[in-house]
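**Q** This is what each chain is made of:
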Amino acid sequence: MSAVRLVHRRGFLEDLFSAGAVILGAAVLPADAAGADAAWMPSVYLGIEPDGTVKIVAHRSEMGTGIRTALPMVVAEELEADWTRVRIVQATGDEKYGSQNTDGSCSIRDFHAAMREAGASARLLLERAAAAKWSVPAGECKAKAHMVTHARSGRSAGFGELAAAAAALPAPARQDLRYKPPAEYRYVGRNVPVTDLADILTGRGTFGMDAKMPGMLYASIERPPVFAGQLKRFDPTEASKAPGVHSVVVVDPFKPPHRFQPLGGVAVLADSTWAAIQGRRKLKVEWEAGANASWESGAQKTALMEAARKAQKVVRNIGDVDSEFAKAGRTHEAEYWVPMLAHAPMEPPAAVAEFKDGKVTAWASTQNPQAVQEAIASAMGLSKKDVTCHVTLLGGGFGRKSKPDYVVEAAILSRKTGRPVKVAWSREEDIRFDYYHTPAALYFKAAMDAKGRPTAWLQRSVFPTIGSTFDATATYGQDFEIGMGLVDLPFAIAHHRAENGPAPNPVRIGWMRSVANIYHAFGIHSFLDELAHAARRDPVEYALDVIGPARKVDLAAEGVKYWNNTQPLEKFPIDTGRLRRVVEVVAEKSGWAKRKSGAGRGWGFAAHRSFLSYVAAVVAVEVDGRGRVRIPEVHIAADAGMIIHPDRVTAQFEGAAVFATSIAMMGEITGEAGKVKQSNFHDYPVARIQEAPLHTQVHIVSSGEPPAGVGEPGVPPVVPAITNAIFAATGRRIRDLPVKKHKLA
Amino acid sequence: MIQLKVNGTARDFSGDPDMPLLWYLRDILDLTGSKFGCGMGLCGACTVHVNGAAARSCVTPMKSAAGKSVTTIEGLSAAGDHPVQKAWAACHVPQCGYCQSGQIMQAAALLREKPKPTDRDIDSAMQGNLCRCGTYQRIRKAIHMAAGQAGGGKA
Numbered sequence: 001m002s003a004v005r006l007v008h009r010r011g012f013l014e015d016l017f018s019a020g021a022v023i024l025g026a027a028v029l030p031a032d033a034a035g036a037d038a039a040w041m042p043s044v045y046l047g048i049e050p051d052g053t054v055k056i057v058a059h060r061s062e063m064g065t066g067i068r069t070a071l072p073m074v075v076a077e078e079l080e081a082d083w084t085r086v087r088i089v090q091a092t093g094d095e096k097y098g099s100q101n102t103d104g105s106c107s108i109r110d111f112h113a114a115m116r117e118a119g120a121s122a123r124l125l126l127e128r129a130a131a132a133k134w135s136v137p138a139g140e141c142k143a144k145a146h147m148v149t150h151a152r153s154g155r156s157a158g159f160g161e162l163a164a165a166a167a168a169l170p171a172p173a174r175q176d177l178r179y180k181p182p183a184e185y186r187y188v189g190r191n192v193p194v195t196d197l198a199d200i201l202t203g204r205g206t207f208g209m210d211a212k213m214p215g216m217l218y219a220s221i222e223r224p225p226v227f228a229g230q231l232k233r234f235d236p237t238e239a240s241k242a243p244g245v246h247s248v249v250v251v252d253p254f255k256p257p258h259r260f261q262p263l264g265g266v267a268v269l270a271d272s273t274w275a276a277i278q279g280r281r282k283l284k285v286e287w288e289a290g291a292n293a294s295w296e297s298g299a300q301k302t303a304l305m306e307a308a309r310k311a312q313k314v315v316r317n318i319g320d321v322d323s324e325f326a327k328a329g330r331t332h333e334a335e336y337w338v339p340m341l342a343h344a345p346m347e348p349p350a351a352v353a354e355f356k357d358g359k360v361t362a363w364a365s366t367q368n369p370q371a372v373q374e375a376i377a378s379a380m381g382l383s384k385k386d387v388t389c390h391v392t393l394l395g396g397g398f399g400r401k402s403k404p405d406y407v408v409e410a411a412i413l414s415r416k417t418g419r420p421v422k423v424a425w426s427r428e429e430d431i432r433f434d435y436y437h438t439p440a441a442l443y444f445k446a447a448m449d450a451k452g453r454p455t456a457w458l459q460r461s462v463f464p465t466i467g468s469t470f471d472a473t474a475t476y477g478q479d480f481e482i483g484m485g486l487v488d489l490p491f492a493i494a495h496h497r498a499e500n501g502p503a504p505n506p507v508r509i510g511w512m513r514s515v516a517n518i519y520h521a522f523g524i525h526s527f528l529d530e531l532a533h534a535a536r537r538d539p540v541e542y543a544l545d546v547i548g549p550a551r552k553v554d555l556a557a558e559g560v561k562y563w564n565n566t567q568p569l570e571k572f573p574i575d576t577g578r579l580r581r582v583v584e585v586v587a588e589k590s591g592w593a594k595r596k597s598g599a600g601r602g603w604g605f606a607a608h609r610s611f612l613s614y615v616a617a618v619v620a621v622e623v624d625g626r627g628r629v630r631i632p633e634v635h636i637a638a639d640a641g642m643i644i645h646p647d648r649v650t651a652q653f654e655g656a657a658v659f660a661t662s663i664a665m666m667g668e669i670t671g672e673a674g675k676v677k678q679s680n681f682h683d684y685p686v687a688r689i690q691e692a693p694l695h696t697q698v699h700i701v702s703s704g705e706p707p708a709g710v711g712e713p714g715v716p717p718v719v720p721a722i723t724n725a726i727f728a729a730t731g732r733r734i735r736d737l738p739v740k741k742h743k744l745a
Numbered sequence: 001m002i003q004l005k006v007n008g009t010a011r012d013f014s015g016d017p018d019m020p021l022l023w024y025l026r027d028i029l030d031l032t033g034s035k036f037g038c039g040m041g042l043c044g045a046c047t048v049h050v051n052g053a054a055a056r057s058c059v060t061p062m063k064s065a066a067g068k069s070v071t072t073i074e075g076l077s078a079a080g081d082h083p084v085q086k087a088w089a090a091c092h093v094p095q096c097g098y099c100q101s102g103q104i105m106q107a108a109a110l111l112r113e114k115p116k117p118t119d120r121d122i123d124s125a126m127q128g129n130l131c132r133c134g135t136y137q138r139i140r141k142a143i144h145m146a147a148g149q150a151g152g153g154k155a
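If you read the protein sequences in the order shown, they are chains A and B. Following this note's numbering, the residues of the first sequence are numbered contiguously, the last one being 745. Following this note's numbering, the residues of the second sequence are numbered contiguously, the last one being 155.
For the record, the hints were derived by calculation from the structure and aren't laboratory data. Keep in mind it's a predicted model, so treat the numbers as computed, not measured. Any given hint could be a false lead.
Said to hold, decoys possible - Think about it this way: if two alpha-carbon atoms lie no more than 27 Å apart in a straight line, the pair counts; the simulated DSSO-like pairs of lysine-lysine are:
#1 B/K114 <-> B/K86
#2 B/K114 <-> A/K589
#3 A/K384 <-> A/K212
#4 A/K241 <-> B/K86
#5 A/K740 <-> A/K301
#6 B/K5 <-> A/K212
#7 B/K5 <-> B/K68
#8 A/K282 <-> A/K384
#9 B/K86 <-> A/K282
#10 A/K677 <-> A/K284
#11 A/K212 <-> A/K416
#12 B/K5 <-> B/K114
Unchecked claim - Pairwise CB distance ranges (calculated):
#13 A/H742 <-> B/S124: 23 to 33 Å
#14 A/I88 <-> B/V59: 31 to 41 Å
#15 B/D81 <-> A/S18: 24 to 34 Å
#16 A/F470 <-> B/N51: 49 to 59 Å
#17 A/Q230 <-> B/V59: 43 to 53 Å
#18 B/N51 <-> A/P193: 26 to 36 Å
#19 A/P632 <-> B/V59: 32 to 42 Å
#20 A/V250 <-> B/V59: 23 to 33 Å
As the list claims (entries may be wrong) - Chain A stretches covered by chain B per the calculated footprint, using a threshold of three residues with CB under 8 Å from any CB of chain B:
#21 58-68
#22 341-353
#23 389-401
#24 515-525
Yeah, the Cβ is synthetic: ideal placement off N, Cα and C, and Gly gets one too.
With the hints as constraints, model all of the structure from the sequences given.
**A** Below you can see the structure in the form of structure tokens.
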């Protein structure tokens, strides 16, 4: 059974296509679902209009990766469409599309095959329609550049002319599809202009912050300053009298587990953003702080570091590290800390929603419109079908906008006021009420042989788990968290043990770009660098030695429970050959062998597999007499499998180097008496132009392997490469992020 | 009553004179190209030109815009072809795009003042404009390109 079908009952597609269009849907079928009619949920919708316009529905959210360009490129390529006649239509949230949760660096990985199939099916359908029209064999008709041509008779027809006839034919069987050989690609692998570029450059793009509905009110919400705090009393008198204020309304607190529910609070609704802000300043609110008022960052750090020094739950074990430590001549220990971090996308969370006649319509800057439907339905006692979520452009996401609490706030307030409501968080709210990247304590111990090579490696991490978002009692790392650098160490070391300890969670935490790879990679690659220096060996040569020969690390055979980003190890193995290759490429391209550290200039290196991709980084730093750090050069070699849009891939790695710079150099969220201390970019700084790497060179290592992650895997190796470079420049080993806490001169 | 010009059009404003220009542009004039990022003049997403100079509209009260001429990203060029916009397109600068109106307005003001900026000039002029996606190296490249192509960005 083909995964591609013609769509005749249009339902929710009515708004997207005209009556004369031929519409195809292509599903990502699980291997065991073939034949299960009910399970056919196309992720791809593709329509050809009678005027020849090809409309491709983008079901993933655009937050800067170029996904609204890259996935449609795959369709257009196989369809033989002319890109200038392709229009991208953004999907609303609907389970029919399969997952729309745009995170985990998986849009291309998960939907590339379906896009190809949709495009190839539509092409064959058009060729068959032309053949029928001209009464010639279908095999003699060829689509190219938006036309189908029959060379022998010299006849040709545009796609639009064939749409109606194509719509009357059955969908081609999967075995009949022909795919273009890559040598004939016109778009895939080339830098097609990005779909939203012109709108962005002229200020016309619509982000969540820009969405409007007629008659809408603007909300400004006072939330409990301590997580899970409760409203004690409030006085709306003065706020209600402020100019432009419409009403003051309570948003109920969440019921544990908090998931994506609003934090609760008191909202001031007004006829403009400014009036709402001014009104809120006059609001008098008192809170019952509750148990989380005991959160102090300093004490939390001490407790996590203490736990990381003790034996914890074993999550991977090879050989016997303890007996190796006992007999080893040399051992080395180190512990590391990565603080809590905020996502801080340039656009704070923002959405508009209207509750009307028992239904909700929302326009939201969201990475996951189906989560918006679920969260609103659950909060308001509605059915998911009664919630329509339109997806705007996202002003950055980084994982924050997978959590739709702010859209729920807008929907609840709309029901309470009877008007559409816009909820746009201030920066202070964004920094104080984030789903924070969790803090982590890491402990490492190694035994070394005469050449300084590790014979035993013990690795431990302790961190509050994202699992606590969904189960308030969860304290151990979830499979996906320990599967990002704790259980999947790809080193050839005879004795190895990985352990994970429990940690309570006093605030909201959640996944942020690169997630648990951030702290695990920082620990692993800092420690590896320490071992290399202890052995007086070159860090790159040493890393290649420790990675060992090209092989597939078989965690299943070891009995390790490993999530592998949801993908089978057979398709996406842990391939040390690919890891070695990116190390070799980055060393060669950066001129590593000739680079000399010293006198305030240092070169650092790290390489890490994450999101099924392999990334190696070399970073140069300059540290001046006052301890100020500049990053003149970054080299990144990345093997992310097949690449669709090289420039957008390059841009993701350039951006990852900057994101990593913020983490390494300056990012830190702390709490006192249960409250987050930081509030805006003055006390939660992110890298500015003069602090960011001056030149980042991205070297894409081409690979015939299936497409893997791009958005996230660039960050993890760059963070330790920066601190390793600082060590090379100054002799100061940074084990405690961020760097700004330390005096380097 | 505050009178000002926005993108060449004369406007009257009779609301709160302390309201920041940003909210006037966005909520009242529907010019949403200027973005909110911090509300404290720390990120530059709201950058517009006031009498030709870059200004953070989130901390510019309406009363201080009285009698002035304001240009937003929507009014920078009629066809989106200001040399800075062209260079931005050629270098494919934006990722998410949210900060880019502010970046473009800041860069256009820089080039008006310093037609051939050095890297240090760029650092100094652009350091107030944050980009969380990390497009800085392309911003730098595009400014140099605009300086070359525009004969100093006088447009």
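**Q** Can you name, in rising order, the numbers of the hints this structure does not satisfy?
**A** 2, 4, 8, 9, 17 and 24
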